[in-house]
Structure formats: structure tokens, C-alpha cells
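As they're listed, the protein sequences go chains A and B. Everything in the first sequence is counted per UniProt numbering, starting at 1 for the first residue and increasing by one. Everything in the second sequence is counted per UniProt numbering, starting at 1 for the first residue and increasing by one.
Check before you lean on any hint, since a few could be wrong.
Heads up, simulated EDC-like pairs for lysine to aspartate or glutamate below, C-alpha to C-alpha not over 20 Å straight-line [to be verified]:
hint, chain 1, residue 1, chain 2, residue 2
1, A, Lys487, B, Glu107
2, B, Lys447, A, Glu107
3, A, Lys447, B, Glu107
4, B, Lys447, A, Asp109
5, B, Lys487, A, Asp101
6, A, Lys487, B, Glu488
7, A, Lys447, B, Asp101
8, A, Lys216, A, Glu231
9, A, Lys487, B, Glu494
10, B, Lys487, A, Glu222
11, B, Lys447, A, Asp105
12, A, Lys163, A, Asp203
13, B, Lys487, A, Glu498
14, B, Lys163, B, Asp215
15, B, Lys487, B, Glu498
16, A, Lys163, A, Asp215
17, B, Lys13, B, Glu222
18, A, Lys216, A, Glu160
19, A, Lys145, A, Glu76
20, B, Lys447, A, Asp101
21, A, Lys447, B, Asp105
22, A, Lys261, A, Glu248
23, B, Lys145, B, Glu129
A few chain B residues facing chain A, derived, Cβ under 10 Å [claimed, not checked]:
hint, residue
24, Asp105
25, Pro197
26, Ser380
27, Lys447
28, Ala489
Hints listed in this document are in silico derivations from the structure and should not be mistaken for laboratory results. Note that CB positions come from ideal geometry on N, CA and C, so glycine has one too.
There are 2 protein chains.
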Amino acid sequence: MMNTRVVAAGLRKRICSADDAAALIAPGMTVAMSGFTGAGYPKTVPPALASRIDDAHARGLDFRINVLTGASTAPELDGALARANGITMRLPYQSDPTLRDKINDGEMDYLDIHLSHVAQNSWSGIFGEIDIALVEVCAIRDDGKLIPSSSVGNNKTWLERAKGVILEVNRRQPLELEGMHDIYYGTALPPHRVPIPLLRSGDRIGERYLHCPADKILAIVETDASDRNNEFTPPDATSRQIAGNLIEFLRHEVAMGRLPKTLLPLQSGVGNITNAVLSELGAVGFAGLTAYTEVIQDGMLDMLQNGTLTVASATALSLSPSAFVRFAEHIGQFHERIVLRPQEISNHPELVRRLGCIAMNGMMESDIYGNVNSTHVMGSRIQNGIGGSGDFARNGYLSCFMSASTAKNGSISCIVPMVSHVDHTEHDVAVLVTERGLADLRGLSPKQRAQQIIARCADPAYQPMLQDYFDRACHQSFGKHTPHLLKEALSWHERYIETGSMRS
Amino acid sequence: MMNTRVVAAGLRKRICSADDAAALIAPGMTVAMSGFTGAGYPKTVPPALASRIDDAHARGLDFRINVLTGASTAPELDGALARANGITMRLPYQSDPTLRDKINDGEMDYLDIHLSHVAQNSWSGIFGEIDIALVEVCAIRDDGKLIPSSSVGNNKTWLERAKGVILEVNRRQPLELEGMHDIYYGTALPPHRVPIPLLRSGDRIGERYLHCPADKILAIVETDASDRNNEFTPPDATSRQIAGNLIEFLRHEVAMGRLPKTLLPLQSGVGNITNAVLSELGAVGFAGLTAYTEVIQDGMLDMLQNGTLTVASATALSLSPSAFVRFAEHIGQFHERIVLRPQEISNHPELVRRLGCIAMNGMMESDIYGNVNSTHVMGSRIQNGIGGSGDFARNGYLSCFMSASTAKNGSISCIVPMVSHVDHTEHDVAVLVTERGLADLRGLSPKQRAQQIIARCADPAYQPMLQDYFDRACHQSFGKHTPHLLKEALSWHERYIETGSMRS
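One chain only, chain A, in its complex shape (with noise of 0.2 Å):
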């Protein structure tokens, strides 16, 4: 017991086995999991819970629960339940194989929420009563108090609401970790709620430390495992081609005085492109950023080494296995630079309002008008969910979506008549980008929006498709506000179905 991390003694007699651990979740019941983007999720209660589960369904016994998380976990989790057939319904955000492929065949409930409402809807009960939390430490300390792990995402809410809770303190994450995160317990329901006094996207405004009481941890399990194994592949020519094009244009509201020199706060989505952003800004000089977002990922690290980036707010530390022994090896660097939040606070509508955030994420589609689909392909098939992007692009300063103008070699156009689902409304998209340019539709009509997409940021192989619908929608539409041909509208994704592009 020596080198323990469950510093409190008292609470060492709850050491488990993941089995053990996972024999306390029952049939039907509501388990809330720490994880968000794969990192700092549980690594051995959930696979020897699918197990459990397995052995029941082999003797013909149910056996489902329901997830609920920060964000998208790993295999171990998400894939190892998904398998066993083990998930009632899930949420907020998955973006594991086997669960979506489980989800778009109709095997399972998925709920695809902004990662702001979560906290707040569970406190509320609408996700009804949480009988476990399964959320992995670092550390419990001498006085029970919890060192959390490389994400908080909603552990706070989680340990709060649920009845019983089962801890993995993992070994592996660097004990360092200590004292970058802040965990405000200010947040309320109405009427109770009160302004939270965060100013600057590195404002300290919490706790250094999760709070448990002790009589609610029904089982501790010591672990020695990393985070979610994805290396890091460096930006493609067609990520930096989008890279460029919306980099020129920040320096471009820069020179124009409309964005002040170090910028506003990054929000940057999870992903190649975004990566390929915010390797870019220090390349051209931009120094003395911020970033108040989700994610850390490898990029961001870069970027605090070399002082383009001052400090980074986010919930979650999402690096590849290089790029974390990097973290660890000068995590005195990053001790102060980077705050760690509970993803209520990461994400919250008043704060990305009142920072203002620039909003910079990844998307499926946009259509001529500027609405956009981040999550549905052929607008039935769920890819991810929608994540963070809704709470920023809608409260943002500067909403940015971003995406190569085609897919699948050339077959889909991610420039179509009408979006077969919409997450981000017009109302909410300010600048698109593709590898072929950059449209600012801040300040434009649907028409005018039409012509700067379809001339900026469609691929040359679907422009004159997309002019000509639209052409032809100004004088047959119904109403010309927003021309649309109705018969028209979804029959590229119609085409994509049935023969395998959405070429004519």
C-alpha cells in the first residue's frame, strides 16, 4: 500500500477489483462516466462490465444500461458496451465505431445534445436518477478530497447527483496534474443562479480539487493505464489549404481593426483541420493568443511551447501518446497556462458570450444558404453528434465552420442545394471555409450568401450544378426570399444513396 494514490486512509478498505466494482451495476441502470475525448475516462470497470454482460445475455438475461459521459471515451468504453449490446441509450457524444454502427442500425437510443446542457438537464432530472458514477482520478487525497484526472468534463455534476460512486485512480496520469484544474461549484438552477466572475480565459474562479462525500464511494479500483492511443497525423495539403485561407482572413479583420491583434479566444474543434489552424497562426506570427475552448490537443501544446498561445482553458486534454510524454516531461511549463474546467464552464453560454469567442469547427455540410449539418450523413446517419459547436457557434463572437469542399474522392460535395439535416442554422454561421476559399456572410440575404458559397467555397466539379440550381430556384421558387426547388432540394443526397455520388 505504499505507493498508493488513495492517500485517505480510511477509504483504502473500498479497494476493488474492476469485477467487483462492476458487479455493483445493476440491470437498468443509469451510469454516469467521467471521459471527454477520450481522455481521462474509466479503463477497467467498463470492460469488465461488458463482460458481466456478456454472461448474462449467454443465459438469456437482459442485461442494458444507460451512459451518460463527458464526451466521446474509447474502445474499452464505448465499444466494449456497444458490443455486448450493453446501452439502453447514450450521451451527449460518441464517436466510437461500434456504438454508431450500433445507433444508425436502430439498435440502441442515442441522444445527441449540446455538451453546455448537460449539466444543468441533469440536475433538473431529465435524464432521471444517476444510480452510479464511474469517474477516474488521479488521486484521492488525505482529506477525500479528489485530484481529477486529464478531463473533468461533467464529474462534478456526476459525483453530485449520483447515488453510489465507484472510483478508478489511475497511476498513469502524472500526479502534476494537480492544481490545473478549476472546478467552480457556483453554477445553480434558476432562480438561483448568480454571474460567474470569469473575465479572462486563464481567471481562476474555482476549486483546485473534486468533492465526494466518503459514505457515497462504494468501490475504489486502482489502475495503471493511458489515455485513448490516436498518434497524431500531420495536416494534409487540403487542411492547410483551409488553414490559410482562414488565417488570412483573421489577419485581414485584423488590419480592418474589427479583431484586436491577439485575436479572441480560440474555440477550436477536435480534428485535423482545426489542428492545422492553430499549427498556422504561430507560422504567420500571431503571438499572445488565448484559447477557451474543450479541447487541448497536440496543436495547443505546440502553440503554448512556442508563445503563440498565452494560456489555454479547456476540460479536457486530448494528446497523442508522443505529445503527452511531451506534457509530462514539462508539465512545469503548462502548470499555470493551462486550466482545466468542468465542461458546464468550458461551454457555458455566458462566458463564450461574454470572452468571445472565435469559433472555429469542423462540418459535414453547408448548403447554398449557409445552414449547416455537423452531424448527420444523408441526413438519417449519425456520425458523431454535435458536441460543442452548437454552444459556441451560437454564442461565439466569430462562427467558423470548416471543411474540405468534397468527400469520398470527389463523390460528395460537401456544398449541396438544401443540408439533409441542420444543426447550425443560418442564424448561426458567420464565415465558411473550404481548400477553395472563404465566404463571410456576416451581413448578407440568403442570395447574396448563395453567390459568395457556391463562388468561394464549392469545388469547381459541383459549381455549375449549383449554380444552375440556384439560377433556376430565383425564377420557379415558391417564394424568392430563399429560393429553393422542393423536388430539388435533397435529390444530391437522393443520388448519393442510390448510386454513389452526388455527380449527375
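Use these hints to put chain B onto chain A, whose structure you have.
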């Protein structure tokens, strides 16, 4: 000059006729006008301007301007300028039949944006320079400060941003309005934003008057005209049934402990249905409620008088002539209990979220998955605009959308397979209400939502068609998370355009 409301003697030399004031407005100018929901708009300069424009057009000259307002105005503003073909671009909201036709005929541009975004977008220069602010006020005080009129809207921003100012001083507006306004001068562009110190609907955090430097005032026109005259029609049976369904739900939420007995601050869109909700709330015994909304309609005046409502915050008083008489006669009763704010504050995301508004707005149609269309008839023809519905639906605590289940004598179903335009995504819609019933969508996956919406909200004549679509989509859809048949998804709208009915 004895009874002039231009008390500032030094400004009286700027008093002139409406024609002289209108002569200050040149072709191509951007003119930012007061006016919100038919209240507090300029009443004599716009018609004089329309005459000027008619004259210019008769002489073969080009004369069009850009018109910015708070929200909708009246026939003598939007109607007159539209009839004269005098508008190039109009924002952010309108409801005028002539103007609407011009927009839908493709003859002018209309920018339909969130009402909370107008001030910040104007400050950041997105709408270009503002040449003239044309603002109705109650009076000009001796110290040059302006007593605002029956609406505040964007007037603070217009007066600050415009190069020159024309004031209409309307002696028909009661001078006792003085002190009912709360003009908050604390907003800024990022990175200079701070928390807005408002904790309750009735809090006063600003000043009683609008500021305007004397040297910017180009002309003052004295007027004597009432606001738009729409007499109030009592709610019909359908509206009362919708209201009854929503109120039954609110009572249930109170009984379950999910809402306080005094509910949470009410936001109520304009119209017959929301007026019916307000009337019924008092009738069933609610008391001590508050409102944090855009517009105070007749229903809220009743509630303030009978004690159902303790305080109402809004940006405009939009009363019928008879209610306005009642308001003016008993203004002492209302003076401390009505607060009129800039629309930047009445609709501010930070405040809507903090207060936890119950957002109650009308809709045009919803689809079976809970996506709501508030603006576009058959996907292309704009009706009015999104107004503040997005501000409240997105950041409020409980987002409710209401409509009759059918329109046009049953030839249109307001529940459709897929909406033809999305203003409020599935992520932002909590409750749908028709006269048939109420669907509580919170915590439900798309397919669960569809079952609720079809069963509870749709008209019986359309229920089998919706159920048939959904059942077939569940089997044949490309993905089965949000099942759709793309060939049919918009066929109901196509059929309506072709045959005049959605019935098959």
C-alpha cells in the same frame, strides 16, 4: 413653444417639418430607425421620405436606402417605404404585408437575424456605417437627455453609431413613461466585456435616459400620433386549448418539483396563442410570476393588474389602443413594475440563461424529430423572421413552441416529416404544443421524439400519414438514428404548392 417637449432650449432651432428632415436622407444611405413590434417607431419622417423616393423615381432617379430597426414597425414606415420601392436591405425583423411581398418577389434583400445580435454586429461594423439614426422619443430634457418612447429596441446603439440623428418627439406618448426605462450602458465588444449585473427580471442596472450629443442632432420633428392600431382579438378555441395544454404541463412540472410555484421568468412571443397562455395563467391560479421578455402585450397588462405578474421586463409596450388607454390611465400602477430595456439586454444570452427563462414562442411547423421552422412558408417564402425566438429558445431553461396542428382549413399540417426550413434545431426544442396535446421531448432520442410528436401533437387527419412515413423510414432509411426517406421528406410541401393541400 410653451407646450413643446423639446425642453432643451438650445435644440429648438433644429425643429423642422417631416419633409425637411426627410430631405436629409440621401440615396444609398443606411438609416437606423426606432421601432419594435409596432411601438415607438418614427411616424412622420418615413412617409415623407417615401414621398421623396416616389418623386425621385418618377423623375427616373435611383433612390433606395438600407433600413435597420429594432423589429417590426408599421404601415407608415415599412409599408410606405416598401410601396415606394425604397429599400435595398432591411433588417432584422419585419411583419409588413407589402414589405413581405417585395422580399418574396425577390425585389429586395432582407437579413433575418437574432435580435440579440444586432447591437454587437452593428458595433463590429458588419452593417457598415450608419448615416442617420431616426428615433422617436417622448421628450428632450433640459439637459439634452432623451426620454425614450414606448419601445427601446436598438435606439441606444443607433444613437451611438450614427453620424447624424433625426429625432421625432411624439407628444402622444405619455410623459409618465419617464423612469420606466432602464438603459444599460455597460456593454462592450470583446475583450472588454464584463458580467451584466442583473439578477432578477425587475432589476434596474442602467439609466433612465438615452444619451445623444447635441451636435449630432440634425433635425427634430414634433409629432402627435399613436402607435400602430391593432385591436386585440380574444383568443379563439384553438388558442385556448393550446394554452390549456401548456399550462397543464407547467403545473405538472411544478408538482414534480422541477419548476418553482412562481415558475421562472416568462418570455412570450407575440400573437394570439401566447396571449391566450398569459390570460389562462392567471385564471388557473398562478400568482407572483415574473416576465423577462421582448414585448408587453395586452395579456401581460391584465396579469400585472390582477397580481398574476409582479414585474415585467421587456423592450417594447405593444398594446392595443384600448389597452394603451388603460395603461396610460393607471400608469402609476405600472411605473415600478414594468422595465423597458434595450433589446440587447432583453434578449441577452447571458441573462436569458441566468434567469432561466421559460421561452414560449409560436412556430410555423415542426417535423417529427422536433426541428422547428419559424420563418419560411414551404421552405422559401419568408413570413416575418426569427425575431427573438432563437435568443430565448437556445439559452432559456425550457423552450416551448406552439402552433395549431393544421393551418389553412386543414390543408397544411403543422407537423411534417421534415421541416422545409430550420430555425430551431432538435437540440434547442424541449416542448411542442398544439391543440391536440403536448410532446415533452426532453431526454428523448429522435425516434422516441417522433412517436411522441405524432401521437400527441399531429392532427388526426395527418396522423396515419406521419406514422406511415415514420414506419417506412425506420425500415428503409440510409441510417436509422433519424430515419428519413429523402424522396418523400419534403413531398408534403411539394404537394401543397402543386395542389393547395398536403393531403394525399
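Hints, one by one, checked against the model:
1. Lys487/A <-> Glu107/B: violated, 24 Å
2. Lys447/B <-> Glu107/A: Holds: Lys447/B and Glu107/A sit about 11 Å apart, inside 20 Å.
3. Lys447/A <-> Glu107/B: The given pair, whose Cα atoms are some 11 Å apart, holds under the 20 Å limit.
4. Lys447/B <-> Asp109/A: holds, 8 Å
5. Lys487/B <-> Asp101/A: Violated, at about 24 Å.
6. Lys487/A <-> Glu488/B: Given that 20 Å is the threshold and the Cα spacing comes to 9 Å, the pair holds.
7. Lys447/A <-> Asp101/B: Holds, at roughly 16 Å.
8. Lys216/A <-> Glu231/A: violated, 37 Å
9. Lys487/A <-> Glu494/B: At roughly 7 Å apart (the allowed maximum being 20 Å), Glu494/B and Lys487/A satisfy the hint.
10. Lys487/B <-> Glu222/A: Since the Cα atoms of Lys487/B and Glu222/A sit roughly 54 Å apart, the hinted pair is violated (cutoff 20 Å).
11. Lys447/B <-> Asp105/A: holds, 12 Å
12. Lys163/A <-> Asp203/A: violated, 32 Å
13. Lys487/B <-> Glu498/A: holds, 11 Å
14. Lys163/B <-> Asp215/B: Status holds; Cα separation ~10 Å.
15. Lys487/B <-> Glu498/B: holds, 16 Å
16. Lys163/A <-> Asp215/A: Holds: Lys163/A and Asp215/A sit about 10 Å apart, inside 20 Å.
17. Lys13/B <-> Glu222/B: holds, 12 Å
18. Lys216/A <-> Glu160/A: Given that 20 Å is the threshold and the Cα spacing comes to 10 Å, the pair holds.
19. Lys145/A <-> Glu76/A: Answer violated: Lys145/A to Glu76/A is near 27 Å, above 20 Å.
20. Lys447/B <-> Asp101/A: Judged against 20 Å, a Cα distance of about 16 Å means the pair holds.
21. Lys447/A <-> Asp105/B: Holds. Lys447/A to Asp105/B sits at ~12 Å (cutoff 20 Å).
22. Lys261/A <-> Glu248/A: Given pair Lys261/A, Glu248/A holds - Cα atoms ~13 Å apart, limit 20 Å.
23. Lys145/B <-> Glu129/B: The hint is violated at about 24 Å.
24. Asp105: holds, 6 Å
25. Pro197: Cβ of Pro197/B sits 7 Å from chain A, so the hint holds.
26. Ser380: holds, 4 Å
27. Lys447: holds, 7 Å
28. Ala489: holds, 6 Å
Hint check: violations occur at hints 1, 5, 8, 10, 12, 19, 23; the rest are consistent with the structure.
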